[in-house]
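Chains as they are written, first to last, in the working numbering: chain A, 37 to 341; chain B, -3 to 619.
Some clues are possibly wrong.
Said to hold, decoys possible - Below, in silico cross-link-like pairs of lysine-lysine (DSS-like), each with a Cα-Cα straight-line distance of 27 Å or less:
(1) B:K383 x B:K171
(2) A:K88 x B:K263
(3) B:K572 x B:K586
(4) B:K264 x A:K242
Hint data in this document are derived by calculation from the structure and do not stem from the laboratory.
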Amino acid sequence: MSEPLYQYGSSYLDQLESEAVYVLREAAAQFERPCLLFSGGKDSILTAWLAKKAFAPAPIPFPLVHIDTGHNFPETLQFRDQFVAQLNAELIVGSVQESIEQGRAREETGPFASRNGLQTVTLLDTIHKFSFDCCIGGARRDEEKARAKERFFSHRNASGQWDPKNQRPELWSLFNGHKALGEHFRVFPLSNFTELDVWLYLQREKIPLPSLYFRHNRQVIERKGLLLAASQVVKPVEGEKVQMRTVRFRTIGDMTCTGAIESSACSIEEVVEEVAAASFSERGARFDDQRSDTAMEDRKRMGYF
Amino acid sequence: MSVGRDVLRLTTAGSVDDGKSTLMGRLLLETGSLHQDHVDAVTAHSRRRRDPHLDLALFTDGLKAEREQRITIDVAYRYFSTARRKFIIADCPGHIQYTRNMVTGASTAELAVVLIDARKGLTTQSKRHAFIATLLGTPHLVVAINKMDLVDFTEEAFHSIRQDFCDFASRLETKSLHFIPLSALHGDNVVEPSANMPWYRGSTLLHHLENVNIGAAINRVDFRLPIQCVIRPHQDFRGVAGRIASGRIQVGDEVACLPSGAISRVKKLFLGETTFQEGLAGQSVVLQLEDDIDAGRGDLLVRRKNLPHKGAQIDATLCWLSESPARSFQTYILNLAGRETRCHISRIDYRINVDTMHREESESFQVNDIGRAQIQLNEPLFFDSYKRNRETGSFILIDPVSHDTIAAGMIRGTTPDLSSLRRETQAKRNLMESERLVSLEEREHRRGHSGCVVWLTGLSGSGKSTLAKKLERRLFDEGREVFLLDGDSVRMGLCSDLGFTDQDRRENIRRITELAALLAAQSVVVICSFISPFRADRENARRRLQEKFLEVHVDCSLQTCEERDPKGLYARARRKEIENFTGIDSPYEKPLEPDLYLNTEERTSDECVEVLRAELQQRFTGL
Chain A
37 MSEPLYQYGS
47 SYLDQLESEA
57 VYVLREAAAQ
67 FERPCLLFSG
77 GKDSILTAWL
87 AKKAFAPAPI
97 PFPLVHIDTG
107 HNFPETLQFR
117 DQFVAQLNAE
127 LIVGSVQESI
137 EQGRAREETG
147 PFASRNGLQT
157 VTLLDTIHKF
167 SFDCCIGGAR
177 RDEEKARAKE
187 RFFSHRNASG
197 QWDPKNQRPE
207 LWSLFNGHKA
217 LGEHFRVFPL
227 SNFTELDVWL
237 YLQREKIPLP
247 SLYFRHNRQV
257 IERKGLLLAA
267 SQVVKPVEGE
277 KVQMRTVRFR
287 TIGDMTCTGA
297 IESSACSIEE
307 VVEEVAAASF
317 SERGARFDDQ
327 RSDTAMEDRK
337 RMGYF
Chain B
-3 MSVGRDVLRL
7 TTAGSVDDGK
17 STLMGRLLLE
27 TGSLHQDHVD
37 AVTAHSRRRR
47 DPHLDLALFT
57 DGLKAEREQR
67 ITIDVAYRYF
77 STARRKFIIA
87 DCPGHIQYTR
97 NMVTGASTAE
107 LAVVLIDARK
117 GLTTQSKRHA
127 FIATLLGTPH
137 LVVAINKMDL
147 VDFTEEAFHS
157 IRQDFCDFAS
167 RLETKSLHFI
177 PLSALHGDNV
187 VEPSANMPWY
197 RGSTLLHHLE
207 NVNIGAAINR
217 VDFRLPIQCV
227 IRPHQDFRGV
237 AGRIASGRIQ
247 VGDEVACLPS
257 GAISRVKKLF
267 LGETTFQEGL
277 AGQSVVLQLE
287 DDIDAGRGDL
297 LVRRKNLPHK
307 GAQIDATLCW
317 LSESPARSFQ
327 TYILNLAGRE
337 TRCHISRIDY
347 RINVDTMHRE
357 ESESFQVNDI
367 GRAQIQLNEP
377 LFFDSYKRNR
387 ETGSFILIDP
397 VSHDTIAAGM
407 IRGTTPDLSS
417 LRRETQAKRN
427 LMESERLVSL
437 EEREHRRGHS
447 GCVVWLTGLS
457 GSGKSTLAKK
467 LERRLFDEGR
477 EVFLLDGDSV
487 RMGLCSDLGF
497 TDQDRRENIR
507 RITELAALLA
517 AQSVVVICSF
527 ISPFRADREN
537 ARRRLQEKFL
547 EVHVDCSLQT
557 CEERDPKGLY
567 ARARRKEIEN
577 FTGIDSPYEK
587 PLEPDLYLNT
597 EERTSDECVE
607 VLRAELQQRF
617 TGL
């Protein structure tokens, strides 16, 4: 019988790692000005980690770009700066607040207002400002229905939009990064990782993570079944109460739309156990996807990451 | 934490209503791979549409348009894992205009699930999918006969479809074929064995997927590493980065970099902070070499003694993916293992009618066409045949104007000339390779070595016959199967109707080539000793015999040949008693790049035989 392939390490995680590294190197080689979109969440942390690995001992050959909504958790920003320093990477910050002040974006109002949609404007502005022709992101195909159809190399037209009916076929490991002037690509090295794979890999590599991912006590507001962190930007409306709970976050985004879950997991090992047994998908803990059944597809068409 | 130990990449295919998405939904649901909120969303959606069953297809039909039209229009990737394996499913649409997605899904798959509706039996679409899967070299085929509940779970229905499929599949090159009767809607034989079909004793679909042998599509023999980029953080460090496409490599091994041909040794193999002693196919690595050789993106690292083909003309099977049809002499960009070059289609040989498997004359390829074509490259590239190596035998064509990926190609070899192509077509009609019950591998195994053709070319009197006879004796004494073909052995019989005009000489060499090819296919070492003065004839022989061909130029000055003149032929030619004598009144076209060059004025015949023997040992298995 033939020996199992890829078993140079201990598991199929090696295969996923090799694939992601291959994709990162293709992106670096095929594009003139790539960048890595860094949100401070675990997927982008992993992507940056793999980028470090792909080009070591050289530094990551492209900058990390953070689109700051101004509504980020302070823990995220603190972690971001430490992590970027640890990787010895270059960081560029695009500010949604600036876009609003320049009149490029208009803020939603009301208690459920979110700046999530506004990120698209700032992102496209940042891409334009730095002439990025490729944005590498940590999106995975298992996250959401629309993402199951994404390519590793996802072509966007000059206005940054995605046309699901007109995607380039991706065969073998041959990626076509050819494009017209002004067009750009989104590249997703973690496409074949699942949420559990990400956690298992983070665990194996002992990758540092923001404290938000682990158990802590926090003032929260229960809203539409989600636990939102009480803060300057999320305040209780009538009938809502601020209460102290023991929580952690499964995903890290904007404070206005990222829900916490009650959890006692305080180490990666415990998170892995919890994820494996979880009955709610992680995007279920995000408000922005609950707006409609096809919310993600609609935002992707508009150029959302 | 229990997660699979390895990965199976599979692709699914079926017609629009065969229930493919339902089957995928069933697999995801029953392996516990769906999250409760997805299940809730789908339950709510099914309820809104007043569907009595949970619409399992909704778990995989993601895009809006698909929900509206209730069809899958693009490849969707799905994941689930069991204690044994992680599964990556490329869920492909069955719609005829989206065949390109089927090709995409199959290109990385190790197993294809072809779905057949038990009520409808074998359809054109199922045939097309099975054909594409085998064409793309997917090692395992599973035929899932679905909707058995609608034919009362009868064995007859299952057997009748299986028989039809087997009749059709006898024309496909597939080694592993499995049939499973199931009902995706009700879950029979998907994860749990069916109580409704006690007559079926085979495994369930999931059991089969968990136990099928994987890794069959990987070439573990020929080391190939296409370089993606060079890593040079400072003056003192230089590494090449890439993913090992096939074979293996160890620290200390000698490598050659193509096209420069520069040789070095592996000093260090690593990724990040982890170093390895050995790298295997599929692994992304950085390779630090002993010497600072010229290597860059698009170059190929190989072993010096195991080289790929080199050529500027490629014979390929193309899958046309673009709405704009293929046009001869239009410039395209070809990407092969990360190296790009301009090219054009120099000839379209035929289109394959996927339904009948017949070849049809065609001037062009339309979207979803599959056929054979010859591609002329602007510079020579290094490649393997797709059958031997999926990674270095595949390419895509890119339109330089629209930038779209317009075709996928699988390399058959270097371009053969037109006449031999016709003959091959003729011969194949009469003799199907798949009908043979004894394979080349079996023959080679019995003999202990592979067959090959040692082609000695050179002027009369250059020493070919002496070398040929000594080499034959040497190999025979070593217990190898060897046979010498020379003028004496063919001119008396096989070619007794031929004279010495250019045309007759050409036909003479063609017959010898064919005979040598037949013998080599019996794993015989064939030594051909012929003047064979024309380069084109020898190149034809090379194309016919591919890597089994070893061209040896036995060289020596005309003056020395005339002095030796063992048969007194030069003297007779000088006296004009013989016409068209090579070297006197007929030209000898020297090989430009022979596999081996032997000068019989500088070396003794025994030394030459030594060199020849060593070359055979290096090139051919078991010699």
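*List in ascending order the numbers of the hints, as given earlier, that are violated by the structure.*
Structure breaks no hint.
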